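Peer 1: Same order as they appear, the protein sequences are chains A and B.
First residue of the first sequence? That's 1127 in my numbering, and the numbers climb one at a time after it.
First residue of the second sequence? That's 7 in my numbering, and the numbers climb one at a time after it.
The set of hints was computed from the structure by calculation and includes no laboratory data.
All figures in this text were calculated on a predicted structure; none of them were measured in a lab.
Wrong hints could be hidden among the right ones.
Said to hold, decoys possible - Derived Cβ-Cβ restraints for the label pairs, each shown as a range:
(1) A:ASN1294 with B:LYS155: 25 to 33 Å
(2) A:SER1198 with B:LYS14: 28 to 36 Å
(3) B:THR12 with A:ASN1263: 16 to 24 Å
(4) A:LYS1298 with B:ILE174: 52 to 60 Å
Quick reminder that beta carbons are idealized off the backbone N, C-alpha and C, glycines included.
Here are the chains, one letter per residue:
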Amino acid sequence: MNLISLKLKEVHFHIGQATILKSVNLEVPIGKFITIIGPNGSGKSHLMKCMAGLIHFAGTVELGEENLMYLSHAERARRRSWLGQNPEYEFNYSLRDCVLMGRFSHHNGLPGKEDRSRAEQELVYWGIAHLADRGMNQLSQGERQRAFLARTFAADTKLILLDEPDHNLDVKAKLLLFKKIKSICLEGATVIAVLHSLYDVMEHSDWAVLLKNGEVMDAGEAQLVLNERNLSKLLDVSVSIGPDHQGQPSWLRFSDPF
Amino acid sequence: MLKVMTSKEKKFMAGAMLIFILSCIVSLFSGHYGFSVNDALDVFWKVVRKQELNASELTLWRVLIDLRFSRLLATCLAGAMLAAAGVLSQGLFRNALAAPSVLGVTSGASFFAAMFFYLGWGEGMPAQLAIASVFGSLVVLGMLHAFFKYFQGSVEIIIFLGIALNTIFGALTSFVVMFLVEDYQRAPQIMQWIFGGVANRHWTDCLWTMPILFFALIAGSRIALQLDVLSFGQLAAQSMGVAVKRLHFWTITWIAVLVGAAVAIVGGVSFVGLIVPHVGRMMIGARNLPLLLFSAVNGASLLILSDVIARTLRPSAEIPLGVLTALLGGPFFLTLIVSRMRGKLSQ
């Protein structure tokens, strides 16, 4: 199995005069679930886009031994998949077509048998196989989000970048999401996600990146990094974390410091 | 097994082919000069066997080939090209209203053709006019693309920009025509550019567009598969392995070639690229590759039948083809806008 490591060196990103990311240096461990957390406007989504090589930035992102930006779009797509916030769609494609597009870099538009069976597996996993022939317009937002997740995971890449993947998902779908992430991490894939729910972050992630004002405030093992002091500083509220009877963190309390 | 079309799409395609063949027959046998299918077949066999034709048979042959077949070929090719361009441009701008005529691409092509004609560069030389109209489409598409980029791929804004460009190039064309009105020999010809029409077109004038249509459909098929992915947004398409910039470049090039070639043979015929892909999408679904082929066939049928109506409704003087398609397309466009806005408001 070829595992893919991800290294960011001195990544800067501006929009006009505004600096969005300031000298981000990161080396992400392989085969782990990594979450990026931070307040609104801290640059989480742009950091994800830089890691996916979707926008032009200063600095380098290395995927394995290669510079991400030197790879062709098709090569990038075979190495990493990305799901953005509020995914767009236009025209009423069937849900099955949507999921098959996740495998575009494998089939270039004309899906073969293997692509179809992978898409079918994902449709079944996400509990939307019975909706497969429906158009995207005829689905609820949650069902659509499941379809987009199915599309992203159907790509079978070793690096998966998810920007708020739990958006619009119900409890069951959220459990499916974390189960999926866990199982593909065990197979050696690396998953990086932006999440807002600190409960989910603490419960599921192996590693966490704390991002504030476009800079990495702290990054490391989730258990070490996600402490009261760090989170309070990151989110500008006072955070207290309570242990359950086994001594594991189980509840969070937030209050305005002022 | 690779599947280009599902069985449902194949059924619709077969239906479209049937309608196309019927339209061709209707077009060949309707018009001022009446003759039966038997007469036509008799003459046809005589020509095949290289037998002498008498005077009335010769007239029939001339009408059938020089008039009817010429019109048939011109409308068939132009219809297919305009509808195919419609599929590509709706896919490119990710908007079901973004047809070449709505965006001003057709009027840009008409303007440059009219301009060339006015300057006397294209008379009797369809190839030069074709280059002029391809250039015109490219100019408009280039402007649209620049705006599209400036507004970061906003799907709605493109229609407003297109309407503005359409107005500008429409006015410029009228301006050129004004100078030509007094030129009694050339005025009717230029009118044909603006209102669209296939009178005086000989079938040999249209043959050069056949390879264009053929190659455009082959290139378009590859483009269509990528436009499917593009419909989920530019970044998402890029993340799935589509080289978006290159896709934009080739799509724009082929739209320009198709619209330019169509305008060069039938003039400013609008709304084919709006109606045909839109109705097609409702029938066979959104996938661009089957839609492209389905629309090409339907576009041909639509323009062939429009031409039949244009010349039979008022036999004394035929209605310009472009006027007829605009009469059909205008209300259709209005309905689409209303239903789209209603959908947006209720969200």
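Peer 1: Kindly confirm whether 16 to 24 Å is satisfied by the beta carbon distance between THR12 of chain B and ASN1263 of chain A.
Peer 2: 19 Å, holds
Peer 1: For the hint 52 to 60 Å, verify it against the beta carbon of LYS1298 of chain A and that of ILE174 of chain B.
Peer 2: 55 Å, holds
Peer 1: Measuring from beta carbon to beta carbon, are SER1198 of chain A and LYS14 of chain B in 28 to 36 Å?
Peer 2: 35 Å, holds
Peer 1: Are ASN1294 of chain A and LYS155 of chain B spaced within 25 to 33 Å by their CB atoms?
Peer 2: Holds - the Cβ-Cβ distance for ASN1294 of chain A and LYS155 of chain B, about 30 Å, lies within 25 to 33 Å.
Of the numbered hints given earlier, the model fails none.
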